[in-house]
Amino acid sequence: MPGVESPTEVRTLQPQRRMTNRVIAGVAGGIADTLGVRDGYVRAAFVTLITVWGIGGIVYLLFWIVTFDRVEDRSTKPVESSQTAGLGIAFLGLLLLLGAVGLWPNAVLVLTAGALSFGTAAVTDPSSPGALAALINPDAKKVSKVRLVLGGVLLVAGIVMFATAVGRIFEFGVVFLAVFLTGLGIFIAFGPWVRRLIADLSTERSERIRQEERAEVAAHLHDSVLQTLALIQRSDDPQRMAILARHQESELRDWLYGTAPLDGVDLVSTALKRAAARIEEDFQIPVDVVTVGDHRVDEQTKALVAAATEAMVNAAKHSGVDRMSLFLEVEENSLDLIITDQGKGFDPNSVPDDRKGISESIRSRVERVGGQVNIESEPGEGTEVILRLTL
Amino acid sequence: MSIKVYLVDDHRLFLSGVKAELADEFRIVGSAYDVDTAIEEIRGYQPDVVLVDVHMPDGGGIAVVEGVTGTNPDVKFLALSVSDQAEDVITMIRAGARGYVTKTIEPEDLSAAIQRINAGDAVFSPRLAGFVLDAFAGAIPSDDDPELDQLTSREKDVLRLIARGFAYKQVARKLNISIKTVETHVSSVLRKLQLTNRHELARWASKRRIV
Numbered sequence: 001m002p003g004v005e006s007p008t009e010v011r012t013l014q015p016q017r018r019m020t021n022r023v024i025a026g027v028a029g030g031i032a033d034t035l036g037v038r039d040g041y042v043r044a045a046f047v048t049l050i051t052v053w054g055i056g057g058i059v060y061l062l063f064w065i066v067t068f069d070r071v072e073d074r075s076t077k078p079v080e081s082s083q084t085a086g087l088g089i090a091f092l093g094l095l096l097l098l099g100a101v102g103l104w105p106n107a108v109l110v111l112t113a114g115a116l117s118f119g120t121a122a123v124t125d126p127s128s129p130g131a132l133a134a135l136i137n138p139d140a141k142k143v144s145k146v147r148l149v150l151g152g153v154l155l156v157a158g159i160v161m162f163a164t165a166v167g168r169i170f171e172f173g174v175v176f177l178a179v180f181l182t183g184l185g186i187f188i189a190f191g192p193w194v195r196r197l198i199a200d201l202s203t204e205r206s207e208r209i210r211q212e213e214r215a216e217v218a219a220h221l222h223d224s225v226l227q228t229l230a231l232i233q234r235s236d237d238p239q240r241m242a243i244l245a246r247h248q249e250s251e252l253r254d255w256l257y258g259t260a261p262l263d264g265v266d267l268v269s270t271a272l273k274r275a276a277a278r279i280e281e282d283f284q285i286p287v288d289v290v291t292v293g294d295h296r297v298d299e300q301t302k303a304l305v306a307a308a309t310e311a312m313v314n315a316a317k318h319s320g321v322d323r324m325s326l327f328l329e330v331e332e333n334s335l336d337l338i339i340t341d342q343g344k345g346f347d348p349n350s351v352p353d354d355r356k357g358i359s360e361s362i363r364s365r366v367e368r369v370g371g372q373v374n375i376e377s378e379p380g381e382g383t384e385v386i387l388r389l390t391l
Numbered sequence: 001m002s003i004k005v006y007l008v009d010d011h012r013l014f015l016s017g018v019k020a021e022l023a024d025e026f027r028i029v030g031s032a033y034d035v036d037t038a039i040e041e042i043r044g045y046q047p048d049v050v051l052v053d054v055h056m057p058d059g060g061g062i063a064v065v066e067g068v069t070g071t072n073p074d075v076k077f078l079a080l081s082v083s084d085q086a087e088d089v090i091t092m093i094r095a096g097a098r099g100y101v102t103k104t105i106e107p108e109d110l111s112a113a114i115q116r117i118n119a120g121d122a123v124f125s126p127r128l129a130g131f132v133l134d135a136f137a138g139a140i141p142s143d144d145d146p147e148l149d150q151l152t153s154r155e156k157d158v159l160r161l162i163a164r165g166f167a168y169k170q171v172a173r174k175l176n177i178s179i180k181t182v183e184t185h186v187s188s189v190l191r192k193l194q195l196t197n198r199h200e201l202a203r204w205a206s207k208r209r210i211v
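Residue numbers (our numbering), protein chains in the order written: chain A, 1 to 391; chain B, 1 to 211.
Derived by calculation from the structure, the hints in this document are not laboratory data. All values derive from a computational prediction rather than experimental measurement. Ideal Cβ placement from N, Cα and C applies to all residues, glycine included. The reader is advised that the hints may include incorrect statements.
As the list claims (entries may be wrong) - Partial chain A-side listing against chain B, Cβ under 7 Å, derived:
#, residue
1, L221
2, D288
3, V292
4, H295
5, F327
6, T340
As the list claims (entries may be wrong) - If you want a taste of the chain B side facing chain A, the calculated C-beta under 8 Å gives, among others:
#, residue
7, D36
8, K103
9, P126
10, R127
11, G130
12, L133
13, A137
14, G165
15, K169
16, A172
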């Protein structure tokens, strides 16, 4: 896909430290791999910069902190000499800039260190035909030792120079130097260990969170699905089994996909589904709930939900059907709630007293909040209770 | 001649159950548990109606519908699913399925649905009808073909009754129209659903889920 970097490309841009073929922490090697330059030159750059008020050392430490151990080993990319030259010129420019703004403590020192370190890098460069390179190249272990010694000497020299330079500024001199060197030593020795400890702690924490989530899922499934499955196994009434399965299905669906009410705002659709689930449970009659649009539960809609619940109870008790439907449609200016059963039906003009009471109670609930009720029924034609609210 | 039916569902237990239910009334020409076999066999057997599950590995029901309609446009699809997401339903219909019913459908309703699909009509479950009403609700977006982007009030009436669980016959009687007219309305809604560029449709479908 255009514009999307492949994972490998992304990885090469991440600051990483080398785990092999390194002198101190693999910082310079990592940078060298990223830039596509011989590691020796990067190291030389660090060493040279150390002589400029220790900037090289500080930059090295910063890189050490922000980079990560490389997991897989990677062979160095082929180096383009033009790129190396370009970077070298850029580095020279940086040095000169530092000199120009008066940051050079000692021009001779900086230039000597630069010459020495880059010189070393050049002679140990395996691609250059120098005698030293030929001598150390065949044996990798020897190479790293020679480099270690060389790097160590250069580093110590750098630190000493740095310390002298710093010591000159501060009156405390030696005390400051001692404190600084001790701190640096401790950091070099224990820095990676502290980082690893922190990483371990965060791994442990995320693992614990995962386990808690798993336990929660298990607990929920145990309380719901497993219980229902047990009940179904013990039941020999198909109707009862179907109801249990249905109820469990809608409960699980809600749990998996349900939209939790935002900021504790309850929605009419949710309230209706809850009411329908209660009817299913109490009367063993499935209710098909279809909602179009939605509205928050307030005084008015609460009354309508209550009225709808009564209508469902009514249908469950009197219609003789084995299922019913609840339909909600919310439009811009109106909310309609229709309870439909295709059962016995009745003649609205000659309602038996017990049913009249319920109809009246539905009516009074809805009319009290400004809604309208329309009950349509004919013997043998089912019943529909239409609750309407103008919003 | 009885209707040739092909079944696709990766849930074997469910598949064998449906097979047993339909065997008396239809000629079950075959069945598959996976997308690739399904596409190959449907091309070979040329069934009239394919019952296809929405959620399956390797692309699901959509892959089956898309894989067949190019070579065999006469094969009609009825999507059958426990699905929860409006997105799935809408995608199936837009891929070319002529109907969508949930797996909890009663066997006799399923038979009726297959016959209706075979006759070239559309089959909307109450839930799908509710969806379509929801999807087409609201202001008409300014689009090149406004006719495709909104439902007529008659179509809405039909869908509302279907959403309330009425069969086509009952819908016809309640609206004082013929069953044929009901079928025409539903087919017209299906066409709109498949062809509309109503830009809200995709957004709506992805945020709403059927429960």
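Structure-based check of each hint:
no.: 1; hint: L221; result: violated (17 Å)
no.: 2; hint: D288; result: holds (6 Å)
no.: 3; hint: V292; result: holds (4 Å)
no.: 4; hint: H295; result: violated (13 Å)
no.: 5; hint: F327; result: holds (5 Å)
no.: 6; hint: T340; result: holds (5 Å)
no.: 7; hint: D36; result: violated (26 Å)
no.: 8; hint: K103; result: violated (10 Å)
no.: 9; hint: P126; result: holds (5 Å)
no.: 10; hint: R127; result: holds (6 Å)
no.: 11; hint: G130; result: holds (4 Å)
no.: 12; hint: L133; result: holds (4 Å)
no.: 13; hint: A137; result: holds (6 Å)
no.: 14; hint: G165; result: holds (4 Å)
no.: 15; hint: K169; result: violated (12 Å)
no.: 16; hint: A172; result: violated (15 Å)
Hint compliance for this structure: hints 1, 4, 7, 8, 15 and 16 are broken, all remaining hints hold.
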